[in-house]
Structure formats: structure tokens, C-alpha cells
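There are 2 protein chains.
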Amino acid sequence: MARIVQKYGGTSVGDVERIKKVAERIKATRDEGNELVVVVSARSGVTNELIARAKAVCEHPSERELDMLLATGEQETIALTAMALHGVGVAAVSYTGAQAGIFTDRMHTKAKIKTINAGPIIEDLKQGKVVIVAGFQGINDDGQITTLGRGGSDLTAIALAAAVHADKCEIYTDVDGVYTADPRVVKTAQKLTEISYDEMLELASSGSKVMQSRSVEFAKKYNVVFEVRSSFNHNPGTIVKEEVAYMEKVVVRGVAVDKDQAKVIVSNIVDKPGSAAKVFRALADAGVIVDMIVQNVGRHGVANLTFTVPQGDSHRAQKALEPVLAEIGGGQVAIHEQIAKLSVVGVGMKTHTGVAATLFQALADVGINIELITTSEIKISIVVDIARVDEAARVAHEAFHLSQLGV
Amino acid sequence: MARIVQKYGGTSVGDVERIKKVAERIKATRDEGNELVVVVSARSGVTNELIARAKAVCEHPSERELDMLLATGEQETIALTAMALHGVGVAAVSYTGAQAGIFTDRMHTKAKIKTINAGPIIEDLKQGKVVIVAGFQGINDDGQITTLGRGGSDLTAIALAAAVHADKCEIYTDVDGVYTADPRVVKTAQKLTEISYDEMLELASSGSKVMQSRSVEFAKKYNVVFEVRSSFNHNPGTIVKEEVAYMEKVVVRGVAVDKDQAKVIVSNIVDKPGSAAKVFRALADAGVIVDMIVQNVGRHGVANLTFTVPQGDSHRAQKALEPVLAEIGGGQVAIHEQIAKLSVVGVGMKTHTGVAATLFQALADVGINIELITTSEIKISIVVDIARVDEAARVAHEAFHLSQLGV
Chain A
78 MARIVQKYGG TSVGDVERIK KVAERIKATR DEGNELVVVV SARSGVTNEL
128 IARAKAVCEH PSERELDMLL ATGEQETIAL TAMALHGVGV AAVSYTGAQA
178 GIFTDRMHTK AKIKTINAGP IIEDLKQGKV VIVAGFQGIN DDGQITTLGR
228 GGSDLTAIAL AAAVHADKCE IYTDVDGVYT ADPRVVKTAQ KLTEISYDEM
278 LELASSGSKV MQSRSVEFAK KYNVVFEVRS SFNHNPGTIV KEEVAYMEKV
328 VVRGVAVDKD QAKVIVSNIV DKPGSAAKVF RALADAGVIV DMIVQNVGRH
378 GVANLTFTVP QGDSHRAQKA LEPVLAEIGG GQVAIHEQIA KLSVVGVGMK
428 THTGVAATLF QALADVGINI ELITTSEIKI SIVVDIARVD EAARVAHEAF
478 HLSQLGV
Chain Y
78 MARIVQKYGG TSVGDVERIK KVAERIKATR DEGNELVVVV SARSGVTNEL
128 IARAKAVCEH PSERELDMLL ATGEQETIAL TAMALHGVGV AAVSYTGAQA
178 GIFTDRMHTK AKIKTINAGP IIEDLKQGKV VIVAGFQGIN DDGQITTLGR
228 GGSDLTAIAL AAAVHADKCE IYTDVDGVYT ADPRVVKTAQ KLTEISYDEM
278 LELASSGSKV MQSRSVEFAK KYNVVFEVRS SFNHNPGTIV KEEVAYMEKV
328 VVRGVAVDKD QAKVIVSNIV DKPGSAAKVF RALADAGVIV DMIVQNVGRH
378 GVANLTFTVP QGDSHRAQKA LEPVLAEIGG GQVAIHEQIA KLSVVGVGMK
428 THTGVAATLF QALADVGINI ELITTSEIKI SIVVDIARVD EAARVAHEAF
478 HLSQLGV
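Protein chains in written order, with the numbering used here: chain A, 78 to 484; chain Y, 78 to 484.
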């Protein structure tokens with residue numbers, strides 16, 4: 078007997094038929110003698126419908142009221158899931174975020190979990206009930222309903238797994254697991270049996286959409302081992318866990334592509350202390366998230382600063398920079414949107430050399446130009462022409478023999 | 078400045094456009110300097126959609142989970158209404174039933190309100206906010222979400238009016254107020270300026286669908302004066318209040334028709350003590366609500382028992398009676414579904430005589446046969462052929478000069 082937390086996303090509980098299928102899957106796990114906490118999202122599409130209604134009554138809805146509104150999506154699903162379990166003879170009880178004792182801070186629409194009082198859930202588990210918890214939501218110390226922001230249901234599941242000391246945490250989604258590359262782009266992409274938290278984090282920040290970084294960070298912090306798998310089949314998924322020694326034998330575990338990037342070049346700024354700080358302060362104040370940053374000093378005491386931002390933010394970035402350039406004296410801003418970021422990720426890079434050289438050579442061999450390079454301990458990211466990034470991904474995947482990855 | 082509770086039903090908040098209109102109406106009341114608590118129902122149709130989904134996943138959904146599910150309907154409306162108020166520049170905050178401190182007993186799907194802790198609402202009123210409360214729902218001592226059953230949002234409004242010591246309570250619905258008869262049947266029906274709780278109760282139990290009896294009973298118990306009016310126009314409605322002396326000047330205040338009735342005749346039962354008790358015990362055990370009861374003893378020590386039940390229950394009634402008849406010795410059951418109940422109601426009956434005679438004579442004059450008669454202190458109900466009940470209503474309305482009712 079194990080204590081298991083399962084999380085089913087919006088497509089997995091998209092309609093009553095899907096909910097009944099999920100109930101069958103839960104029943105199967107229950108019938109094996111396991112204790113089960115199940116976290117569910119709103120039915121796919123419901124959250125967007127609710128947001129559309131909110132915008133229809135008020136251009137800028139209050140975040141407190143948005144949370145009140147959006148929390149209904151998951152509350153509907155928990156009730157229907159509990160009923161579907163009753164329908165197949167499984168004792169089950171639903172919990173809103175508040176009832177599950179998920180206490181958050183006061184930041185409506187993007188609250189952080191502070192503590193979980195899991196006592197009542199554990200009590201119901203001991204009485205043989207499957208506990209169904211609304212993902213994405215919590216309650217703050219004032220008794221206000223909060224939501225956790227994007228990827229919130231994954232976070233609920235992982236936080237609950239820590240709180241109830243679960244033996245396993247399974248994140249059911251519409252993909253089979255984590256792949257060495259996007260299978261739609263790289264036909265030979267392989268599903269990974271396991272991956273470390275850090276690799277998963279680097280992949281998430283590099284455009285791989287399996288999970289939001291914050292859930293993985295939470296899992297890493299509380300050492301919650303979880304499996305990403307599909308609710309549409311019974312294939313084993315990918316286990317995400319703390320790095321272990323043998324993982325380093327594989328140099329590169331995945332290739333990720335992010336096409337939602339724009340390159341901003343600030344050229345000919347006077348090279349004196351504080352210029353760069355002013356540039357990035359202005360961007361931060363405008364709410365622009367800056368990713369890759371490269372600075373090089375040219376001749377005659379002028380510097381060029383290049384960085385990437387999400388494509389939708391590029392014009393906001395340009396606007397935010399104009400007064401700064403006037404202040405620090407000169408410089409021009411240029412935006413290039415026809416670029417994309419490619420990253421190769423692997424904890425093996427810590428102990429292996431030559432990864433960058435292999436990547437750059439492979440791309441040079443097919444004539445792909447590298448516009449920007451940044452590196453971390455376990456990742457190399459480059460910017461290339463968006464028209465050739467898929468090809469670059471295939472080339473990189475082959476260069477690191479990922480299609481033969483036996484893990 | 079007054080403290081006002083307003084309640085808007087499902088059709089009044091049926092879609093985002095209607096919600097924006099309700100927000101305008103609330104703003105107008107607010108702009109007159111009033112403090113406002115607003116109770117809203119789920120958008121019309123939402124509750125039925127949710128029930129349909131529940132039935133699709135489980136034939137007999139648990140009542141606890143039904144409450145969890147249905148409570149989302151009102152929670153959506155409170156958030157949207159608060160947002161719509163923000164959109165027109167009115168400070169507003171939404172409250173779920175639990176947040177509004179509406180504590181109920183444990184009877185899921187038909188909970189009774191035990192207490193209301195209105196402290197936080199009054200605090201927000203004092204801070205100038207309009208408080209939007211989810212109708213129909215509460216919380217029990219175990220922290221479980223409960224719903225109040227049919228007419229629950231009216232009950233929430235009236236209970237809150239008592240709890241916050243409101244000066245006025247306005248129940249907005251899709252009718253203009255309470256009429257002397259159904260205007261679709263009796264063209265000369267008049268809207269009543271006011272009506273006593275008892276008359277309203279008798280009308281509700283006689284098939285007039287304006288409000289559920291329980292809300293009126295609650296208002297009577299806590300002496301909450303309320304007005305029934307339409308959210309689709311600005312006409313004054315009908316004020317429901319404690320009976321006052323001048324009300325008795327009007328002998329009959331309304332005529333109501335209930336077509337959802339079936340007559341059950343149990344004939345030739347042995348007339349001995351306990352027979353009737355056994356009959357009605359069996360019906361009660363089968364969950365059949367019995368309305369009008371008439372017993373007459375015939376010759377040879379046999380009795381006939383006649384009563385009415387809701388039409389949908391007539392066959393259940395018949396089935397429940399079969400073993401009883403076998404036990405008490407003989408008797409036959411016959412069901413007549415082609416009947417309807419007509420009631421005339423008025424507190425003036427307490428002090429005026431001749432009401433029954435006037436009614437019976439008027440019907441006799443047009444050849445309408447009366448099959449059953451029952452009376453209370455302020456009501457006379459009769460059963461007639463369903464094909465002639467509308468005509469009977471017009472005749473009774475005329476006989477008591479209700480089209481000239483100057484109140």
C-alpha cells in the first residue's frame with residue numbers, strides 16, 4: 078500500500094465522459110490498496126470562458142474578484158469527480174482549496190502557498206476515502222479565496238504530496254512525459270525515463286511547456302519525486318527527481334526551442350559604470366522580463382548591449398528605453414523579432430567538456446549562424462534565425478546522439 | 078440614508094448584459110446615499126446545467142457533493158456583479174455564503190439557516206462598500222458548503238435583512254409584484270400595493286408562484302418587511318408586511334389557482350378508529366404530501382376519504398395505499414387527475430361573514446360544480462374540474478370585486 082497524489086489537468090477532466098474515465102483510473106489505483114489524494118483542474122476552456130465574462134462586465138477586473146470567479150472552475154470539477162467515483166462505488170470526498178487547508182499569501186491571482194494543514198485530508202484517507210482537492214486555489218489569512226497563477230494545479234499536487242508525505246506523485250497531462258526534444262519537430266525524439274529537477278527547470282525556462290518552473294522548484298525544495306504521464310494511455314511517464322550520480326553519464330538530456338523571443342540591441346551607449354544598471358532598471362519597472370544578456374565593449378568607449386525579451390514585450394521594452402538613452406547619452410535601440418532560442422540541457426555538462434564546441438561545430442556544418450550565446454552550469458542557450466531553429470534542433474539532437482539515448 | 082438589502086434572481090442576472098443593468102440599478106440606489114447588501118442567484122439555467130452534468134457522471138449524486146457543485150453558480154454571479162460595479166465606479170466586495178457567516182444545519186440540499194454572523198458585512202458597509210452575497214448557500218459547523226433548497230436566495234436576502242437590521246428588503250424578480258389573480262388568466266387582475274405575511278403564505282401554498290412559503294415564514298417570524306418588484310422596470314411592487322387593522326377592510330385579497338393537483342378517493346373503508354391514521358402514515362412514509370382532506374361517513378359503517386396530492390405523486394400514493402387497504406380491510410382507490418384547486422385568500426375573512434356563500438353562489442350561477450371544500454381562517458379552497466378552473470378564477474375575482482380593489 079502506498080500513499081499517492083495524482084493530478085489531472087484540464088483536458089483530462091474536459092467533459093463528463095473524460096471525468097468518468099479519470100474516475101475509472103482512480104478506482105484502479107484505489108483497488109490496488111493505495112491511499113489516494115487527487116488534485117483536479119477546471120475543465121479545459123472553463124477558465125477562459127470565465128475570464129471572458131469578467132472582461133465583458135469590467136475592462137480591468139479586480140484580482141480579488143477574479144480569484145473568487147476562477148475558483149469556481151475547480152470547485153465544479155472536484156464535485157463532479159467525487160460523484161463519478163461514487164458512481165463506480167468508490168468512497169470519495171471533495172475539498173476546496175480552503176477546506177484542504179492550503180494557506181497562501183495575499184497576492185491574488187498569483188498567490189504563494191505558505192502552509193498546508195493536511196490533518197483533515199489524512200483523516201479522510203485513513204477512513205478509506207479518496208480525497209479530491211481543487212487545484213490552483215487556496216485561502217489567505219483573511220479568509221479570502223486566492224489562486225496560484227499559471228501551473229497552479231501542479232503546484233497544489235506537489236505541495237500536497239509533501240504535506241501528506243506521499244510515496245508517489247503523478248502529474249497526468251496530455252503528453253506522455255518529458256522528451257529529449259519536441260517530437261513534432263524532431264521525429265527521433267525519445268521519452269526520458271527520468272530527469273533531474275535542475276534539468277527539468279532548465280528545459281521549462283527554455284520553452285519546453287510540460288510544466289511551469291515554480292512547481293518543479295517547489296518539488297526540488299521539498300524533495301518531492303513526481304512522474305509526468307498521460308491520462309489518455311497507460312504508458313509509463315518521466316520521473317522527475319533529485320540528481321543522482323549516474324545521471325551525469327548522459328551529457329545532454331534534452332533540446333528545447335523557444336520561439337517566443339525577440340532580440341533587443343542597444344548600441345553605442347557610453348561605456349561608463351551604471352549605464353547597464355539604468356537600462357535594466359527601466360525594463361524591470363516596465364514589467365519586461367529579460368532573458369539572455371550579452372554586453373561587449375567596442376572601440377572608442379562605447380558599448381553594445383544585447384538581450385532577449387518575450388516577443389509581446391518588445392515594443393514595451395523599446396518605449397521604456399527611450400528616456401533612459403536620453404539620460405545616459407546617446408545609443409540606439411533595434412528590435413529583431415525573427416529569432417528563436419535553442420537550448421541544450423544536461424547535468425552531465427558539469428563533468429564533461431566540449432559540449433559547446435560540439436554544438437557550435439554541428440551548427441556551423443549546416444551553415445546556421447549563432448547570434449547570441451549564454452551558458453549556465455547545465456545549459457547552453459543560443460539565439461539563431463527563427464527560420465532555421467527547427468533544423469538546428471534536429472542537428473543538435475543528432476550531434477548529442479539523443480535518438481539513441483538509452484534512458 | 079437607509080440600509081437596504083436587494084435580491085436579484087436568476088433571470089435578473091441571466092447574462093453579462095443583465096448583470097451590467099443590475100449594476101446600474103445598484104449604483105442608482107447607492108448614489109442616493111444608501112448602504113446596500115445585494116444577494117444574487119446563479120445565472121438562470123446554470124443550476125440546471127450543473128445538475129445535468131452531475132446526473133451524467135452519477136445517477137444519484139451525493140447531496141454533499143451536489144451542494145459543492147451548485148454553490149459555484151452563485152459564486153460566479155457574485156464575482157461578476159462585484160466586477161460590474163467596479164466597472165461603473167462603485168466600491169463593492171463579494172461574499173460567499175460561508176464568508177457572509179451564514180451558518181446552517183447539516184441538511185445538505187435543503188439546509189436551514191441557524192445563525193448569521195454579519196459582523197464583517199456591516200464593517201464593509203460602514204467603509205462604504207456595496208456587499209454582494211451569494212444567495213442559496215451557507216456553511217455548516219463542519220465547514221461543509223450547504224445549499225438552502227428551492228427559494229433559497231430569497232431566504233438568504235430576508236435572513237440577511239434581519240441580521241444587518243436593514244430598513245428595507247427588495248426582492249427583484251421577473252414579475253411586477255403580487256396580483257389579485259394571475260394576469261394571464263384574469264385580465265382585470267390588479268397589482269396589490271401591500272399584502273400581509275399570512276395572505277402571502279396562503280397564496281404561495283395555493284399555487285401562486287411568486288415566492289416559496291419558507292421565505293415568507295422567515296420574514297414573518299423576524300418581522301422583515303419586504304417588497305416584491307421587477308428588475309426589468311421601475312414600477313413600485315408589492316410590500317409584504319405584518320397584518321394591520323385596515324387590511325381587514327378588504328375581505329378577499331387574491332384568487333389563486335393550482336393545476337398541479339390530483340384527487341385521490343379511498344372509498345368503502347371500514348369506519349373504525351385508526352383507519353385514517355394508517356392511510357396518512359403510509360402516504361407520509363412514501364413521501365407524498367397531502368393537501369386537502371375530506372372524510373365523510375356513509376351508511377353501513379363505511380367511510381370515504383378524499384384528498385389531493387401533487388399530480389406527479391398520484392401513482393406513488395396509489396401504490397403506497399394498496400397494502401394499507403389490505404390490512405384495514407377493503408376499500409378502493411380511485412385517482413382523478415382532471416381537477417384543479419382554486420383558493421380565495423384574505424385576512425378580512427376573519428371579521429367578515431358570507432365569503433363562502435358568495436363564492437359558491439357565483440360558481441353555481443355559471444354551473445361550475447364544486448368537488449371538495451376546505452377552509453382556513455383566511456382562505457377558502459375548492460376543487461373543480463380543471464377545464465373550468467380559469468373561468469372559475471375570473472368569476473371569483475369578479476364576485477369579490479377584485480378588479481376594483483383600490484389598494
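I should point out that these hints are in silico values taken from the structure, not numbers from a laboratory.
It cannot be assumed that every hint is accurate.
The list treats identical chains as interchangeable, and a pair is accepted whether it falls inside one copy or across any two copies.
Said to hold, decoys possible - With a Cα cut of at most 25 Å, we get these calculated SDA-like pairs of lysine to any residue: (1) Lys203 to Gly178; (2) Lys132 to Phe437; (3) Lys191 to Val410; (4) Lys206 to Ile128; (5) Lys132 to Val165; (6) Lys318 to Gln289.
**Study point:** Contradicted hints - numbers only
**Key:** 2 and 3
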